[in-house]
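Colleague: Those letters in the sequence shown? Residues 1 to 522, per UniProt numbering, in order.
If you are wondering where the hints come from, they were derived from the structure by calculation, not from laboratory data.
A couple of the hints might just be wrong.
What follows is a set of in silico ranges between Cβ atoms, one per label pair, in the way DEER data are often shown [what the hints assert, rightly or not]: (1) Arg9 - Glu96: 31 to 37 Å; (2) Ala191 - Gly79: 24 to 30 Å; (3) Leu291 - Thr366: 36 to 42 Å; (4) Lys45 - Pro146: 44 to 50 Å; (5) Gly279 - Asn77: 34 to 40 Å; (6) Tyr21 - Pro499: 30 to 36 Å; (7) Tyr21 - Ile161: 58 to 64 Å; (8) Asp117 - Trp487: 57 to 63 Å; (9) Glu178 - Ser280: 39 to 45 Å; (10) Thr374 - Tyr80: 53 to 59 Å.
We treat Cβ as the ideally placed atom computed from N, Cα and C, and that holds for glycine.
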Amino acid sequence: EVFEHYHGRFLDLFQKLGLTYDLFTHTDTENHHQVSQDMFKSLLKNEYIYPKVTQQMYSPSAGKFLPDRYVEGTCPNCGYSTARGDQCDNCNTLFESAAELINPHSKLDDSVLELRDTEHFFIDLPAIAEDGLQAWMCEGKETWRPQVINFARNFVEQGLIGRAVTRDMNWGIPVPVEGFEHKVLYVWFEAVIGYLSAAIEWAKNNDDPELWKKWWQNPKARTVYFIGKDNIPFHAIFWPAQLFGAKGLYNEDPGAQLNLPYDVPANEFMNMEGQRVSGSRNWGVWMLDALERYDPDPLRYYLTAVMPETRDSDWSWQGFVDRNNSELVGNWGNLVNRVLNMTKRYFKGAMPDPGELTDKEQELLTAVDAAFDTVGALYDGCKFRTVVQENLRLSSLVNQYLEDSSPWTTAKTDMQATARALNTAIQAISGLKTLWAPILPFTSQAVHEMLGETGTLFGQQLVEEVAESSRSHIALTYDGETAVGNWHRSEIPVGRVLPKPKPLFKKLDASVVEEELARLGG
């Protein structure tokens, strides 16, 4: 019930934020269980999984082995006093067993735990590294962020060890080996398989069960994983190892391999007002709550502008207000608003005929058109902060062109010059709204409509129920058939009567900062 509750909240949030997925499902599905078991069996068949007796934390009071995240203790590496049984959140050290913690105790009742023998399956990471994973990790990777690939390479070079892929629990995916049915696949192992199982579910939902192979068996396809830095080991090392070791999975060729990650653009941590985000201390930005007070695009914008791409960054409410007011309202929003209002004032809202363009106009439009290559490459390279900077630069360029052309002055003496300036600015805005669209989808759609364009830049988000033989689940899907957005500047025709313009963004009062700070820590 808890899981289903929060899954539904995620779907609600994604819709309100305008995040689109061809499929956003979850991992408690028949399909995912089957795909996870198939990958386990493939690794076992290829002799990259082996059984081993190990000692795990047993709770006499609960009468069972505890999941690692129910065990807490002091990290032996950094001394952090509340490290979890599988990982220290302070230094990101991974533990093979919660027994590695100093003074481990149960998070359920703080009771003392016992070490007891239990047999589990382990993935042979050293063998996979020797058989090709390490070589793959050392070649290419020019697109990877330095901190990601350096961490991954150092992790492997320091020596990998076998890692448990099963646990003693009564909830999860049963181990598909006779005699081990009472054990389940370890969540770190099966959760990442969700990328593959989701693609398979998506193909089935589209009535083409083989369609997923277009992305997973096609060497030209690129898989990119957007994660936080605490998940780098699982996506840059362990998941590639699983894919590498499961050769022959869903393929008649026993040596065939599913696509390895093309890039893992992991972000560093984003702090909140100089402190680490904490749910228990109510120290963070809860997006469903924030969306009750703010429009989605300013939130999306600020998150992108301060994204911790290569180093830790900080969300500050003062920064949010300042950048909203100066960059969204004062730069981009002001450009759109004043150009369209001048068009309404001087030409009754009809797109004016520019006549012959001068070099100044040609250069401006050439710069906007060229940005579809440069900004497109930045999006592809996951350099989203630089996208913001480049788009602001272009918006400032158009604003400067307006200042130099001064159509409000020429309107008194030279209406042709006024027409040329406003037509050029509108054509530039037409390009900019598309360049901004991945970050500012809602206001880009508003600009699209204010330019008299029809249709929607993006498709439609849908929450659908997916039925399986013994259960069903809800998932977020996407219908792109209605989308009209194209990655180029649309020419706005002369004579088109443009709808009445309206402000894109709201200026925020300085009092917002104190109000939001007062909500923290409560």
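Colleague: Each hint needs a verdict: does it hold in this structure or not?
Modeller: Comparing the hints with the structure gives:
As the Cβ distance of Arg9 to Glu96 is approximately 34 Å, the hint placing it in 31 to 37 Å holds. Taking 24 to 30 Å as the suggested C-beta distance range, the pair Ala191 and Gly79 conforms, at roughly 29 Å. A beta carbon spacing of about 39 Å between Leu291 and Thr366 agrees with the range 36 to 42 Å that was offered as a hint. At about 37 Å, the beta-carbon gap between Lys45 and Pro146 misses the expected band of 44 to 50 Å.
Checked against the given bound of 34 to 40 Å, the beta carbons of Gly279 and Asn77, roughly 24 Å apart, lie outside it. For Tyr21 and Pro499, the Cβ-Cβ distance of about 31 Å falls inside the hinted range of 30 to 36 Å, so the restraint holds. In this structure the supplied range 58 to 64 Å is violated for Tyr21 paired with Ile161, their Cβ-Cβ distance being about 35 Å. As the Cβ distance of Asp117 to Trp487 is approximately 59 Å, the hint placing it in 57 to 63 Å holds.
For the pair Glu178 and Ser280, the beta carbons lie near 43 Å from each other, so the given range of 39 to 45 Å is met. Evaluation of the 53 to 59 Å hint for Thr374 and Tyr80 yields a failure: the beta carbon distance comes to about 43 Å.
Checked against the numbered hints listed earlier, the structure breaks hints 4, 5, 7, 10; every other hint is satisfied.
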